[in-house]
Amino acid sequence: MSRLLPFFGFMLLVALFGFGIWWNTGHDPQAIPSPLLNKPAPAFTLPKLYEPTVTVSKSDLLGKPYLLNVFASWCVECEVEHPVLQAETPTLGVLLVGYDYKDAPEDAKRWLFEHGNPYGLLIADQPGQTAIDFGVYGAPESFLIDGKGVIRYKHIGPLTADVVATELKPAIAAVLKESP
Amino acid sequence: MRHRLWILLVLLAFVGVLHAQAIEPMPFTNHAQELRFQQLTAQLRCPMCQNETLADSNAPIARDLRNQIFQQMQQGKSDEEIKQYLVARYSDYVLYDPPLKAGTVLLWFGPLLILLGGAGVVLMAIRKRSRTAMAAENLSDSEPTEHGDDW
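From first to last, the protein sequence lines stand for chains A and B. With my numbering, the residue at position 61 of the first sequence is 61, and numbering never jumps. So the mapping is simple: my numbering equals the position in the second sequence, first residue as 1, plus 1000.
Every clue listed holds true.
Estimated spans, in silico, between C-beta atoms of each pair:
(1) A:L16 / B:H1031: 46 to 52 Å
(2) B:N1058 / A:S59: 33 to 39 Å
(3) B:K1101 / A:G20: 20 to 26 Å
(4) A:W22 / B:L1115: 24 to 30 Å
Hints were generated in silico from the structure; no laboratory data involved. Don't be surprised by glycine CBs; every beta carbon is placed ideally from N, CA and C.
With the sequences and hints as input, model every part of the structure.
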């Protein structure tokens, strides 16, 4: 028995390392759990990308749920996400609001011209201060905000077809069931 | 010798340049505030880059957060208030020093548990050895074994 003790100790370490590997492949260690989940979205007032003199605020969007998608022309992962948004937007059932993050408006417009524009509404946060209130630390990030202005779901990193089908769409269905 | 000193000076100058690029100067009102700022940002973690503090990171978000912290300092907010502000947005992740709460009990006391466990194993091993040693002594009282006084 006591001779096997080092072996058991070794197996324990193997199990620990195995768990570590499994844990780190199963979840994104960079994804920060948002403390804003299921809390009211921060108030914001931001200009429209194509009409900078017109501002959109949180209260303007109350009443109907929407998906706020943080993107930028400098964001490499956004290019990965964009085809998914293009394909999925018509069947999402909620307004897709584009949140142009820390971007020169001309660059954003050119990027949207090149890649297509799936957004129903586009707002621009060039200084990036409002994004701090949302806990944004990189693009792309997506927030599902319900009719009462509460953040119901958040995804960090590009939305993939898989994430849309298994996470986003069920979350949208739940929100729509409450406030059609 | 003088030659070497020159090389050292030139290298040091480069260090200065690198540092200046990473952290842009801020209009602090006094030196105490600057020290406080450096201390606070060194305790906070950049959300974008796991292994860098807000003080070190050159990521755009770190720069924005440094500006935010600077502005809040000018408004007279305390360190605790500024930390609360960041935690409300980026969760405990931004704190390098995790707070003691239900979810972090294992993190705080896990090492102690492992230490106690290790001490237990050692204690058991010692007891067992002394017991077997005693048994061996009883068996061969007249001729002490070579390993008799291992412990």
